[in-house]
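**Q** Same order as they appear, the protein sequences are chains P and S. So for the first sequence, this note's numbering puts the first residue at 1; every next one is plus one. So for the second sequence, this note's numbering puts the first residue at 245; every next one is plus one.
Calculated from the structure, these hints are not laboratory results. Any given hint could be a false lead.
Calculated lysine to aspartate or glutamate pairs in the DMTMM-like style (CA-CA distance at most 25 Å, straight line) [as the list claims (entries may be wrong)]: (1) S:Lys303 / P:Glu52; (2) S:Lys303 / P:Glu17; (3) P:Lys143 / P:Asp133; (4) S:Lys303 / P:Asp133; (5) P:Lys7 / S:Asp278.
What you are looking at is a predicted structure, and each value in this text was computed from that prediction instead of being measured.
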Amino acid sequence: MTCESAKSLTGAYADDELDAGVDAQVREHLATCGSCAEAHAQLLALRAGIRERAPYYRAPAYLQDRVRAAVRQAGRQAAEPWRWIAIAAAILLAVSAAWNAVELRSPNFLRDQFAQSVLSSHVRSLLGTHLLDVPSSDQHTVKPWFNGKLDFSPDVRDLAPQGFPLIGGRIDYVGDRTVAALVYQRRQHVINLFTWPSPAPDRPTELTRNGYHIVHWSSGGMAWWAVSDLNAGELRRFVNLYKQ
Amino acid sequence: MDSPPKLALFEQCIVPHLDAAYNLARWLTRNEHDAEDVVQEAYLRAYRFFDSFNGGDGKAWLLAVVRNTCLTWRRREQGIAKVPFDESTHSPGEAVATAETKLVEQAQWGNVRDCLESLPLEFREVLVMRELEEMPYRDIAAVTSLPIGTVMSRLSRARRRLQDCVTGRMKGVTQ
């Protein structure tokens, strides 16, 4: 091996990066060539000097914490799209479940709402002085009285012969609309019969709330709600008479 | 979804090489604060691109990311700096040498650190990886995206320049 090629290889030789064959050739050359041996020695000295004097900077302990925290944070953020999809899916599921529940429950739910509302109106009518806007036992007085006050004309019947005399009517509110309240009497018991247009007929219902009986039915595109503290049997009879 | 296993693998393969990452960043940025920032950024990058890590040597893979982050950092620094970064202005010149004449008694290799730090980045990085990290040429080639032959010749030139610096300084000191 020539000096020139040996010198060009001293670095790789010192770094132990040569094939075994070439490595042996260089070693052989170094053993016999003073100037190449000196170059090699200088290289080793330089290496020793670097390793001894040039610091190997170790990461401060807090940097490790910092890096770990940052990476974990990134990991969470990377998981985020999935998390958002999961959240979105969960919301969708919850909404659709709620929607289904509302859908399934909605007739009952609305019925309950109306029942509560008509009951409140009934109780309110008895508590105050506002039981009657038009005190009259005459259906032909009561029915026209609603004209111009409502956007519908309630069917007013006289059931006095059957023991349920009409005592009058008034305008009331049920839900968010004005309704007709027809007031009948059975002995000392007042019956409020609420009615308003309801294009979608629903199932007849009987409820008992706070000692009051409530009977609901639909007919002729109208919703009817009868509320009274009258016993359930007599109220039902009133309703049946009204339906005829 | 696959994040926890990814994170676990990352912590197992990559996080242990924090010292190597910091050491390289510290030598390339020549500043501990910048090195810390670079390392953190490099780790985040590494995590983002961890899918491209095909096993093998995590250290070389990480150092490649650290190196790239350093280069990006350097470009950014140079963009911000009013005076463009000039390696020569950061080279230890006469003033430094004069200041260090007080340290004549210091051992002859006392200026190795300064000399290494003053080398252009392309020489500095191969020397740090070779002499301080004791990495084989193959890994240095992987980190720097250079052919092994180029790594070898660059190391050779880097050593010569370092040697010149050290001996030159010694001359200065002993004059």
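**Q** Now, for every hint given, state plainly whether the structure supports it.
**A** Hint check results:
no. : hint                : in the structure
1   : S:Lys303 / P:Glu52  : 23 Å, holds
2   : S:Lys303 / P:Glu17  : 19 Å, holds
3   : P:Lys143 / P:Asp133 : 12 Å, holds
4   : S:Lys303 / P:Asp133 : 92 Å, violated
5   : P:Lys7 / S:Asp278   : 38 Å, violated
In the structure shown, a violation is registered for the earlier hints numbered 4 and 5, in ascending order.
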